[in-house]
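Chains as they are written, first to last, in the numbering used here: chain Z, 1 to 297; chain C, 1001 to 1297; chain H, 2001 to 2301; chain G, 3001 to 3301.
None of these hints come from the bench; they were simulated from the model. Given the structure is predicted, the values throughout are model-derived calculations rather than measurements. Hints may contain errors.
30 Å max Cα-Cα, derived BS3-like pairs, lysine-lysine [to be verified]:
#1 LYS34/Z x LYS1034/C
#2 LYS126/Z x LYS1034/C
#3 LYS135/Z x LYS182/Z
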Amino acid sequence: MVGLLARTLSTDVREEVIHRFAEPPKLSLFEEDKYGVLRHARVSRVRRLSRRYLLAELELLEQFEDPPGPAQFVMIWLPGIDYIPMSIANSDEGRIHIFFSVRGEGTRALANSKGKMVGVVGPLGKPLAVSARSKYVLIAGGTGLAPIIKLARGLSDMGLLAAVIWGTRAREDVGEVPFYFKEVTGCNLTICTEDCSVGFCGRAADLAEEVLPDLENTQVVAAGPNDMLITVADLSMRVGIDPVLILESMVECGLGVCGRCVLGSTGLRLCRDGPAFRASEVMDYLVDVALRRGQKH
Amino acid sequence: MVGLLARTLSTDVREEVIHRFAEPPKLSLFEEDKYGVLRHARVSRVRRLSRRYLLAELELLEQFEDPPGPAQFVMIWLPGIDYIPMSIANSDEGRIHIFFSVRGEGTRALANSKGKMVGVVGPLGKPLAVSARSKYVLIAGGTGLAPIIKLARGLSDMGLLAAVIWGTRAREDVGEVPFYFKEVTGCNLTICTEDCSVGFCGRAADLAEEVLPDLENTQVVAAGPNDMLITVADLSMRVGIDPVLILESMVECGLGVCGRCVLGSTGLRLCRDGPAFRASEVMDYLVDVALRRGQKH
Amino acid sequence: MSLEVTVASLRLKHPVMNASGVLGNTPGGVVKLAKLGFSAIVTKTITPEPREGFKPPTIVRLPTGGLINAVGLANPGKRTIKELVSVAKKLNVPIIVSIAGRSEKEFAEVACEAQRVGADAVELNLSCPHTEGYGLELGADPLKVRSVVESVASVTSVPVLAKLGLSDRVVEAASKALEAGAEALVLINTVKGIYIDVYALRPVLTAVYGGLSGPPIHPIAVRVVYDVYREYQAEIIGVGGILDWKTAAEFIVAGAKAVQVGTALVSNDRIVEDVLEGLRKWLQYFGAGSITELVGAAHKA
Amino acid sequence: MSLEVTVASLRLKHPVMNASGVLGNTPGGVVKLAKLGFSAIVTKTITPEPREGFKPPTIVRLPTGGLINAVGLANPGKRTIKELVSVAKKLNVPIIVSIAGRSEKEFAEVACEAQRVGADAVELNLSCPHTEGYGLELGADPLKVRSVVESVASVTSVPVLAKLGLSDRVVEAASKALEAGAEALVLINTVKGIYIDVYALRPVLTAVYGGLSGPPIHPIAVRVVYDVYREYQAEIIGVGGILDWKTAAEFIVAGAKAVQVGTALVSNDRIVEDVLEGLRKWLQYFGAGSITELVGAAHKA
Ligand SMILES: Cc1cc2nc3c(=O)[nH]c(=O)nc-3n(C[C@H](O)[C@H](O)[C@H](O)COP(=O)(O)OP(=O)(O)OC[C@H]3O[C@@H](n4cnc5c(N)ncnc54)[C@H](O)[C@@H]3O)c2cc1C
Ligand SMILES: Cc1cc2nc3c(=O)[nH]c(=O)nc-3n(C[C@H](O)[C@H](O)[C@H](O)COP(=O)(O)OP(=O)(O)OC[C@H]3O[C@@H](n4cnc5c(N)ncnc54)[C@H](O)[C@@H]3O)c2cc1C
Ligand SMILES: Cc1cc2nc3c(=O)[nH]c(=O)nc-3n(C[C@H](O)[C@H](O)[C@H](O)COP(=O)(O)O)c2cc1C
Ligand SMILES: Cc1cc2nc3c(=O)[nH]c(=O)nc-3n(C[C@H](O)[C@H](O)[C@H](O)COP(=O)(O)O)c2cc1C
Ligand code: FES
Ligand code: FES
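When you get a sec, could you build the whole thing from the sequences and use the hints?
Here is the structure:
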């Protein structure tokens, strides 16, 4: 078990072997990055944009090293309460926006966090890569709008934004959301309501069905409930587009090690390999989840 | 002993206190630097410049982050043998020169290290700060020439070099040293020999005695045996110059923590606060050492 | 020149496995680990029944380096082993099932299930620093270590690996594990620590205590490997803080035949390739034909 | 708002002392420590007779963070205490003499000398991880800890601080130290480790083993402080890995009244000012009048 070298060579000979200069490995001194370190932020404001949607504005005490990219998210630590993933809806030096709705304990605490200090880990996930060679149609459902806001802002700056479709339930849910969207991106939001009270009558996926078949040389990015993502992917694929889908799954560590967010048998980690994926990579997984949920009902 | 705050406030009130936003400390995320990490180098060549002086050329496997400054040094680890401080006599991307003489086990091992791998820690110490407003006279004795070479190269590039005086014992010790010096710095070395076999007849300090009184608006930097440093400092101070002295003392850690290199009661750490000091800071220490050595003899 | 190694009777195409607890808790995670290039897959530690674990935060990075985690041995219970093993078999990668229990019986129970469904080896987690009843107490007591290893070795024929953590008597515990039938030792687990948030005035981990992993524990882990190898020339798998080929090579010269990598995945998905490329050049530098020639080389200096 | 603290009956103008072993071995070193702004000076550990220590390398930085050192308790023997103390007195800074010995008698001998020449306190180093006969075995055995502390406390009237290292029974050892008369505990010393050079195929430190210090051990040290405070609400001085105000503040909320800083000096000569500036704003943030209000605050979450 003792190494052959160590066992068989006398010290002198070994010295020589050791110092015989072959091709030494290229060495880089270790530098641990700050990926995933806990920072602090003060919640300077929580705006109610509508009955359903809220906007939290966070001021970072410790700045990010690099500006976050589209689809990246943070883990928000609400001490003693929860640790939850939230997309970076918008960011400017030292400030980030979180667009969210209250679902459970964590989001409720966030809604009530004005003036408090929270923990922020991120930006996490892979920034969505944008191609300058095509125009983009963005489709969002509900809080799926969050990552779309940041992306729309970037695309609009680059002159690549064709349209942004957003679906929610009713007029009361729309509220100031379009104004906020315009504030940040300079662009208009095409609204869909399920109860037909404003904008297009139907879900975002229904509008997508009307729009997508006519697209050429266009990229599609969608974020929202899985059903919507499946529909959008289906429609897009039929016209030869492999859209980008921004998914959600249970995120625990956000660092790519715990395995909690892995998307079924794909082996893809939402928190690290995503949350934005090509539909072709994740379609089987999405359909699987939908089927399984169907079975449960 | 339990904190007043923790003891006296109910959780709710405390939450409020905690979240009352005063002026939070500015925070920087920790980044440990690489100061003092062990690197590796291959000794590609050991040139004998004269009977007494050798030049080792080291190729670094892991590059320095920043180019070394004048008077900075490295600790050289000769595995299983010794760990010794050596000035960086010259450096170019990925290569460093060590100008030295054989004194004991460590320097003997270095002289015999051609083709071997050694450890290198550095650059250590404070780079000597150069003022662009005056010319420089550099005075070296023996291996004190080592840090002077790098300094001379820099000053010569900046057009600030007035003269470099170097003293050693005899013609046999001079050898190729001046050629090497010229190679690196593009300048001539003014040689002094104690046996009067080449150049100025006498020690470097003797020549300094002739030169220094006539200097105006000139900086003086000296490196070599303590006696020489005391003489140079004395002469310089008499003409109103507070020269820079590059000292030696026992260096163990090179990192400023072990206390081994501290210069008497000054509290100055040679390895970290030096090795270049203003004479006014270290004169008392040098005289003390000289006196004590005198007492021993 | 070869990076092949045989450890605990497992022939591996190279010495780099994943560490237990990273990704090996679901079939998809096993797929990911195979894609990342590990030569063998170690599952998350599995207990007889499913365990929920703590509420997040359970895993956070530390400003002083590395990670701290207290997932509380969250795992889906022994019933999942079958699926994990079958995925690994399909991918043609050896799979080692990590096991914990509150008693010898529980350890043996999970080990039997692992053997039944075709696992290549079992790794006994005798050292989880943050989950009561499963924990450090066990690994710190050499006699308990012996009795757990014995009870597992007596009921299974697959190779048994014993994973120990840092404790005052870790060298002694290692010897008991070997006596009791462990074919190899896995050294070391995370080190108990706390990370407190100075604004929230509370520990960041919900579980308060957590296990420190990553670069900070590397010199500690190398020390344990060195000491155990020096005493027993045992088969050792070194784990703790590997982040490049050099930190992996240190384990090898300290006495490890193979290594495991966990925390490094946070920063580097190419870690396996990076380590292997470095090790290959390192062997070349020494003119060594096989990695095994350098195992324990530091003991000859 | 005040940063003043009283620990082990010593009134300090702020809570940041140096850690034993950095610079406090010569009169010049004491001068330097005072210039660096420490509120009290802790000497290098002193034994009755001078000790040579190991050949260099004795202290090196680690690529994985922090330092590893094995200076082998090199020190000039008890005869130097007088000069060190007199320099500190001249500079008007309290001085704590760190002490080690191979027996109760040796500890007591040095402590008496420290008291005789006017030291403000003694710190018993019960935990040096790399010097045989002085070392870790001592601190890991609660009964030995008690007997050393007792023997010193019985012959001196200066405050006695007991410095412990990481061990399985450190909490128990702390309780024995307190029982035996230690006024405060200093937690923790370095953690045993090895750093091997993969080209030279040998440990870098001449002594092979060394003590790991700096950021890597911070969460471990905070854990020990937290546990000891939770059990005994003792007076604690936290040490290990402080590198900025936050890592210092963590010790305070874990239960330490004061802290010591060693390794951070390698990278930052302004460390004392940096920590104090941060702590001041931190107190302001909480509207706290004194640092003592936050001592142990993490235990109330
Ligand atoms: C990458 C990513 C980005 C997200 N961005 C946003 C956003 O910008 N705006 C927004 O409103 N929501 C976003 N979400 C969803 C959001 O994280 C959950 O709604 C939130 O965690 C719910 O927490 P809760 O405590 O309020 O509710 P709970 O009562 O804990 O749960 C409510 C529902 O939320 C889901 N959920 C709970 N915890 C998590 C978790 N850790 N990870 C993922 N889902 C969880 C569960 O499916 C559950 O049914 C994002 C999720 C992911 C994964
Ligand atoms: C910052 C600095 C830069 C130096 N630069 C050079 C240089 O460029 N060229 C050169 O030839 N010499 C230089 N020296 C001196 C050199 O370090 C010693 O000559 C060398 O360490 C002797 O080692 P040895 O094992 O050969 O001799 P030894 O037999 O160990 O000692 C010979 C003499 O060298 C001195 N010495 C030994 N060890 C050390 C040490 N760790 N630190 C300082 N002095 C020591 C002692 O005073 C001793 O009398 C420098 C010293 C310092 C402090
Ligand atoms: C998130 C996480 C979860 C872990 N879970 C387990 C586990 O279930 N069983 C186990 O034996 N070790 C577990 N460990 C410890 C690792 O297997 C490994 O011993 C330790 O992390 C040191 O290696 P590293 O520094 O490469 O991460 C876990 C480590 C981490 C970081
Ligand atoms: C170079 C060095 C020498 C040390 N010498 C001693 C010593 O003599 N006595 C002692 O009790 N601790 C000694 N220590 C340990 C420190 O006092 C401290 O406990 C440890 O380094 C952790 O603190 P840090 O991370 O701030 O360095 C030494 C540490 C270092 C780095
Ligand atoms: S959430 Fe842990 S791996 Fe993605
Ligand atoms: S050599 Fe250690 S402080 Fe300078």
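Taking the hints in turn, this is what the structure says about them:
1. LYS34/Z x LYS1034/C: holds, 16 Å
2. LYS126/Z x LYS1034/C: holds, 28 Å
3. LYS135/Z x LYS182/Z: holds, 19 Å
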